[in-house]
Amino acid sequence: MNTNKGIEMHRLCTRLFPLNRSLTGEGVRQTFKILSEYMPDLNIHEVPTGTKCFDWEVPEEWGITEAYIEGPDGKKIVDFASNNLHVVGYSIPVDQTLSLEELQTKLHSIEHMPDAIPYVTSYYKDDWGFCISDRQRKSLKPGKYRAFVDSEKKLGHMTYGDLLVPGKSKEEVLISTYICHPSMANNELSGPVVATFLAEWINSFDTQYSYRFVFVPETIGSIYYISENFHHLKDKVIAGFVLTCIGDDRTYSYLPSRKGNTLADRAAKHALKHIFPEFIEYSFLDRGSDERQYCSPGVDLPVASILRSKYHEYDEYHTSLDNLDFVTPSGLLGGLTALKRSIEAIETNKTYRVTHCCEPQLGKRNLYPNLSKAKSYATIEDRMNLLAYSDGTVDLLEIASLLNRPIWELCSEVNVLCDAGLLTEC
Amino acid sequence: MNTNKGIEMHRLCTRLFPLNRSLTGEGVRQTFKILSEYMPDLNIHEVPTGTKCFDWEVPEEWGITEAYIEGPDGKKIVDFASNNLHVVGYSIPVDQTLSLEELQTKLHSIEHMPDAIPYVTSYYKDDWGFCISDRQRKSLKPGKYRAFVDSEKKLGHMTYGDLLVPGKSKEEVLISTYICHPSMANNELSGPVVATFLAEWINSFDTQYSYRFVFVPETIGSIYYISENFHHLKDKVIAGFVLTCIGDDRTYSYLPSRKGNTLADRAAKHALKHIFPEFIEYSFLDRGSDERQYCSPGVDLPVASILRSKYHEYDEYHTSLDNLDFVTPSGLLGGLTALKRSIEAIETNKTYRVTHCCEPQLGKRNLYPNLSKAKSYATIEDRMNLLAYSDGTVDLLEIASLLNRPIWELCSEVNVLCDAGLLTEC
Amino acid sequence: MNTNKGIEMHRLCTRLFPLNRSLTGEGVRQTFKILSEYMPDLNIHEVPTGTKCFDWEVPEEWGITEAYIEGPDGKKIVDFASNNLHVVGYSIPVDQTLSLEELQTKLHSIEHMPDAIPYVTSYYKDDWGFCISDRQRKSLKPGKYRAFVDSEKKLGHMTYGDLLVPGKSKEEVLISTYICHPSMANNELSGPVVATFLAEWINSFDTQYSYRFVFVPETIGSIYYISENFHHLKDKVIAGFVLTCIGDDRTYSYLPSRKGNTLADRAAKHALKHIFPEFIEYSFLDRGSDERQYCSPGVDLPVASILRSKYHEYDEYHTSLDNLDFVTPSGLLGGLTALKRSIEAIETNKTYRVTHCCEPQLGKRNLYPNLSKAKSYATIEDRMNLLAYSDGTVDLLEIASLLNRPIWELCSEVNVLCDAGLLTEC
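Residue numbers (the numbering used here), protein chains in the order written: chain A, 1 to 426; chain B, 1 to 426; chain C, 1 to 426.
Calculated from the structure, these hints are not laboratory results.
Hints are not guaranteed to be accurate.
Remember, identical chains collapse to one label, so a pair may be satisfied in a single copy or spanning two.
Said to hold, decoys possible - With a straight-line Cα cutoff of 30 angstroms, these simulated BS3-like cross-link-like pairs (lysine-lysine) come out:
| # | residue 1 | residue 2 |
| --- | --- | --- |
| 1 | K350 | K168 |
| 2 | K364 | K154 |
| 3 | K259 | K170 |
| 4 | K106 | K364 |
| 5 | K125 | K364 |
| 6 | K234 | K364 |
| 7 | K52 | K364 |
| 8 | K153 | K273 |
In this text the structure is predicted, and so the values were computed from the model without any measurement.
With the hints as constraints, model all of the structure from the sequences given.
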């Protein structure tokens, strides 16, 4: 594995980190501008405020130029310019003087994590607020404070991107990730960044399937995308993955589709089992990202999640501590590798049938050790097992699972047997 | 829960306790007279001796007026008048003088329970005998004894009762219990007493299903009832429970139907899991009451048993120690509650489907917390899960089981979602 | 069990042990001559060299008259006459003088088993070699050695035998074993010897099914047999067992068919569970004998293996230590018993249905204890359970498994109930 890819991905995270992403707005557009450097064919779409999609409609666009709190001495003690988490997402404009007691009702902090700035939004109700570390909050003295937010919510657009990399078949694998969180690294930058490098890899060889990459704001974005592409997705998508929280180094995790046994689930579990056998297997009850939409009743796409430390399951989640130290080059590289292995599993998962009744005579084809001693059989175990199980009813992923062998290691043996005319694809 | 119900049930047990119930006879009729005070609509039926039902026929009616053993000194040492367990059920008349040795062959006692009088019957073979405590038996001195039984077996009737409480649907839930055991409290008085108070509760609200309560002598009674109502029961009964041993305080138990996965089984297991997670789950191999008939091949009704301490599984079973101390108000109340919860599960177990693709927007309906912080999602978990799983293919009981939540707590959330037009019954 | 049978089987092993069996040749013919004494109806077949069967063809016949190594002092230090394992199977003729260094390349021994002569063959590539104990090999001094093999591979025949014992039905149980290994006792003599005594037993009573016994050289023999009898076997065989490694005393083992749930699998597991509950259950991945052919895709016969210590799983396997001490009379008798029990399971595995709705009245047929006391029910548990579960949809093997009772102990109770008209075969 090319460890440089880990470093390159971390660098891209670093570039994207300071941008003030939200459901909509300039931060999202700046993010796509950078991503387009890596994916020149990425299509950027703008959807007008108020566009209906199922039960929802696209919200107003939010813009913010400046926001701070001035202390009793007139100095800025909290400033959006220094960390965009300081302002509650979608805050309305305000310029108000408040007592400390009044100010407290508009502050958010985390008592048990005194140095973390929490991430808070109020997308669908007009409100404003500031997020600060609990340590700072506790140091505030009584007095008069000025809260200032220069923002606007206006008719505008929701921005999203997608990219189709065509393969031999029109059947598609869907990769969905989101670009609506400000300065946090695992949730969310690891998602779009790993997706970007996965697209690069997919582009580097001839794939069996087509690959659809979708970069949307979470929830409203995937709902819009499904509503716009409903029949196409239902017809074409054979497997899909939501990419989020895929850049830290602590563990690997899997969250199933609602059905739990789709091709995406099988491929993800297979890959993770052979990469990191201790991976955490969550329930669909633990869901929390766009699989909520892709797997909703009536939509029911075969979409699973491959993660490292799952959202809600690490302390730094949705705080300023989910930063560029928490996400590492090797963490990102591990995430990318898990996706690549899962996709290899999907690409190579065909069904084969033997061409002869009974075992073929491998010896005359130089495919069998000539001298029979105890245990000489073991050296060609994969070969013999592939011949014993390929009856045209079980696919390679199922055989690999029976043999407890990674499918990517069985493939060369499958090719040997196909070349020798002993196996044939169904 | 109304603890007074426990006390009321225990009082009814106390009234019924002294009556000399058997397969047939006056004790049964007196029992029904008292039960009718609680269930004025209870239908009492009399079936003539000799009536055929499947492989069986209704036996002769048994009556007994007096029975005792006189000791060598002419004093009564064992007297039916003081405890009706003293006489083997269906004993034929006798007036005989015997040596102690001869008498011993007609005595029954339990060596390892020196103070218990055992319960013994001889329904289908002419015989007589006395049951005494082992302590008394060991104290008997050699000498002449007089055994006297004034009884008769004659052409008469077998008495049983049933009650139908109609619901919106003609589909029925069957509650079957028995009234053929003399002075014992858990097996059997707890059964008919809990059934009586369950009928009162069913009568107190509008039910979806109709409820059929059946009070029969065990085995011959249920066989007769099935033979008389075979097609009706097969057509209408969607779930049923045998009620026995449901009044002590030691544990809760479940015994499956033969198929093991009927609605009755699902409801019983669901209720017990949330009432008393350590409940004992028996096998159908452990059966021993009227489920033997209801679940027999060709009959195959969906009938399970909910019990507290199961017959055969407590030392006091079928002895004079199965008394009004062993059965308690809280034991009876717990049994009644388990039945009520199981019935609530059946009543509310419908199948729902969401009305929108993707998650609906709960915020605009004031069904979602507006300020998004880490974990704010948790407070509406039931709501989100009901929307995620209601795809029209799984019923509410299955969803409750997936969520590990009692169905009776999910119901209010289901109503909220139906009222909001987000869920619809299939 | 007749322990004399164990001694008789061990004696037959002792007679067959010295013969130089191989895929083909005189050793095989001598073996069949002796087996025919026990099975006069055994058909011996000769298949010409070069006969095609699926992907294979019958090899040349191998004959050997003399083979030895002379040491530097001119004395024979290794001699085929003293142990036929000394020569690599199918060795071509040689008469050559070699340095010790050159000789080493033609020697086979096992370093961690210094006293064992290994068993080595080279069926399909022209080669020669000698097998000796590692202790002897290490004692060899530098000098000139003479290697002499007087053998020939020529157009000839492959010899095999089969025997059909007809039953009431034309459906067949297949027993397959092999006769191609020289002086080793568990693998392989236990196989043909237990098969021989099993045939004797099958001949001793009227069976439901017909029994086909097949004695072939491993792999090429079973492939030939399947190719010759393909449609017959596919049509008629309802269950089959490969017999090998079935004569030692250490354990019992089971190796499934590829499907894993055939009648053969069910019968084998049932028998072993009640004979030796700690039996080892292997996976089809551990296969290594003729089930490789019988269970190959497209052939898919219901063939499982019942073994004692499985090939590859005991140190003595494929060495001179797999001898007449390792295989014992009680080991062989245990193996025979496991087969007999499995066959009894197959013979008696019918599906029954009760003739009455509800439990029949056993009392009037003297099939029930008349006096009802606590636990009197237990004494007729099998009877009641057979009546409760025989609904015409589950076979006796499944009921036996539900009851955790050996099917051979349930049979008498089944007969009682059939005779009483309470059960009927479907």
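We went through each hint and held it up to the structure:
no. : hint        : result
1   : K350 x K168 : within (14 angstroms within a copy, 46 angstroms between copies)
2   : K364 x K154 : between (77 angstroms within a copy, 19 angstroms between copies)
3   : K259 x K170 : within (24 angstroms within a copy, 35 angstroms between copies)
4   : K106 x K364 : between (81 angstroms within a copy, 22 angstroms between copies)
5   : K125 x K364 : between (76 angstroms within a copy, 9 angstroms between copies)
6   : K234 x K364 : between (49 angstroms within a copy, 28 angstroms between copies)
7   : K52 x K364  : between (68 angstroms within a copy, 14 angstroms between copies)
8   : K153 x K273 : neither (47 angstroms within a copy, 51 angstroms between copies)
Checked against the numbered hints given earlier, the structure breaks only hint 8 and satisfies all the rest.
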